[in-house]
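A.B. asks: With the hints as constraints, model all of the structure from the sequences given.
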Amino acid sequence: MVATATFTATLCGVSGGILLTRRPGWRPALLGFAGVMQTVPSLALFGFLIPLCGIGRLTAVVALVLYALLPVLRNTLAGILSVDAAVRESALAMGMSDWQILREVELPLAARTILAGVRVATVTTIGTATIAAAIGAGGLGVFIFRGIASVDTGQILLGAIPAAAMALVADAILGWFERRWATPAPKGT
Amino acid sequence: MKPVVEFRGVSFRAGGREILRQVTFAIDEGETLALLGRSGSGKTTALRMVNALATPTAGEVRVEGRPTTAWPPRDLRRRIGYVIQETGLFPHFTVRANIGLVPRLAGWEPARIEARSRELLQALELPPDDFLDRYPAQLSGGQQQRVGVARALAADPSLLLFDEPFGKLDPVTRAEVQRQFLRVTRALGKTALFVTHDLREALLVADRIGLMHEGALVWIGPARDFLAAGNAEARRFRQSLDPAGA
Numbered sequence: 001m002v003a004t005a006t007f008t009a010t011l012c013g014v015s016g017g018i019l020l021t022r023r024p025g026w027r028p029a030l031l032g033f034a035g036v037m038q039t040v041p042s043l044a045l046f047g048f049l050i051p052l053c054g055i056g057r058l059t060a061v062v063a064l065v066l067y068a069l070l071p072v073l074r075n076t077l078a079g080i081l082s083v084d085a086a087v088r089e090s091a092l093a094m095g096m097s098d099w100q101i102l103r104e105v106e107l108p109l110a111a112r113t114i115l116a117g118v119r120v121a122t123v124t125t126i127g128t129a130t131i132a133a134a135i136g137a138g139g140l141g142v143f144i145f146r147g148i149a150s151v152d153t154g155q156i157l158l159g160a161i162p163a164a165a166m167a168l169v170a171d172a173i174l175g176w177f178e179r180r181w182a183t184p185a186p187k188g189t
Numbered sequence: 190m191k192p193v194v195e196f197r198g199v200s201f202r203a204g205g206r207e208i209l210r211q212v213t214f215a216i217d218e219g220e221t222l223a224l225l226g227r228s229g230s231g232k233t234t235a236l237r238m239v240n241a242l243a244t245p246t247a248g249e250v251r252v253e254g255r256p257t258t259a260w261p262p263r264d265l266r267r268r269i270g271y272v273i274q275e276t277g278l279f280p281h282f283t284v285r286a287n288i289g290l291v292p293r294l295a296g297w298e299p300a301r302i303e304a305r306s307r308e309l310l311q312a313l314e315l316p317p318d319d320f321l322d323r324y325p326a327q328l329s330g331g332q333q334q335r336v337g338v339a340r341a342l343a344a345d346p347s348l349l350l351f352d353e354p355f356g357k358l359d360p361v362t363r364a365e366v367q368r369q370f371l372r373v374t375r376a377l378g379k380t381a382l383f384v385t386h387d388l389r390e391a392l393l394v395a396d397r398i399g400l401m402h403e404g405a406l407v408w409i410g411p412a413r414d415f416l417a418a419g420n421a422e423a424r425r426f427r428q429s430l431d432p433a434g435a
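Residue numbers (this note's numbering), protein chains in the order written: chain E, 1 to 189; chain B, 190 to 435.
Derived from the structure by calculation, the hints contain no laboratory data.
Everything numeric in this text was worked out from a predicted model, so none of it was measured.
Subject to a maximum C-alpha distance of 25 Å in a straight line, what follows is the list of computed DMTMM-like cross-link-like pairs (lysine to aspartate or glutamate):
| id | chain 1 | residue 1 | chain 2 | residue 2 |
| --- | --- | --- | --- | --- |
| 1 | B | K191 | B | D396 |
| 2 | B | K191 | B | E220 |
| 3 | B | K357 | E | D84 |
| 4 | B | K357 | B | D431 |
| 5 | B | K191 | B | E249 |
| 6 | B | K357 | E | E89 |
C.D. replies: Structure representation (structure tokens):
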């Protein structure tokens with residue numbers, strides 16, 4: 001569930017971010033939308049979607065994607081905009097097409113920032129996914145809720161610890177990728 | 190013989206200001222024209238019109254006889270080498286990848302690209318084996334500028350545009366790089382438009398000088414004639430050569 005949601009959020013967020021670098025007029029609207037999705041309490045978000053997508057996995061995944069959009073979107077936008085203007089101008093002056101510039105210059109240079117956004121999105125999604133159990137989506141949250149309902153700490157931990165561990169592992173793995181993507185060190189290092 | 194670049198009554202207005210006023214001149218094949226002027230005189234804006242990074246609000250710029258607006262931008266830009274003060278080298282590409290970029294986009298064979306990159310680095314006094322695998326961050330300012338020049342020359346464009354490329358270098362390095370630049374461009378018979386605010390540099394690199402002042406081209410002629418030009422702005426530039434004297 002988390003994997004699907006994060007993957008979709010990344011796809012949408014990165015594409016959205018790229019779009020926003022080309023269409024500055026859309027920024028307030030799209031960033032605002034993603035922002036609202038983040039601030040709405042996750043349970044409420046699940047609740048709003050139930051009439052549209054029913055109870056269960058689909059709703060959960062849709063909600064998780066909406067929830068994870070903002071960090072990816074914002075980081076993609078920031079990462080691409082932070083590419084040195086002289087570099088972008090040179091690329092243009094050498095006759096590169098917009099697509100070539102995106103693929104060979106902007107995305108590689110923004111990769112680290114974008115990945116940082118994906119990392120944040122992944123970790124928060126893992127956490128939010130546990131709440132999805134409340135709307136019948138299953139997952140580790142089931143143990144947590146059952147544990148709360150029957151006041152059984154063991155059950156709670158059975159859900160909480162793997163979830164936390166997943167979050168830490170995901171964070172570590174993505175962090176490792178992020179560091180690998182650094183552009184070469186300046187003279188002297 | 191048809192000029193390579195022609196400015197015909199080019200004006201440019203932006204943000205409520207007239208940045209260029211009715212600029213008219215031509216550059217012939219094989220010549221280097223220096224556009225000299227102080228900051229804000231419009232010389233960089235004029236330069237950027239040649240490779241369509243900017244378009245006139247009135248008048249027309251022609252390259253090889255065709256208006257820049259009639260060229261598909263990519264075709265136009267691929268035949269023009271562009272060197273700027275900040276270099277704009279791709280930080281995530283090696284020197285080899287930076288220089289080889291335009292030839293690669295043009296579909297050259299890797300072997301040909303490699304040979305060409307080595308030839309250019311050699312001509313600019315940067316030993317290829319030493320420099321091809323370095324990243325821009327591992328180069329000094331003068332080395333970066335030379336790689337920038339090599340990159341601009343890589344696909345053998347007939348027209349070169351320079352925007353104060355050596356401005357950030359210390360005087361000693363600047364003199365060295367100017368010398369190397371001159372040698373390479375003269376030998377290759379390139380046509381060039383060189384923007385600078387340094388009269389000494391203009392006198393060194395150019396066949397003709399065009400003086401820009403407040404968006405207008407106020408004087409144009411052979412470089413050696415500039416020293417006798419009567420124009421007030423020209424006189425000010427000559428005085429700047431020797432601030433201590435009269």
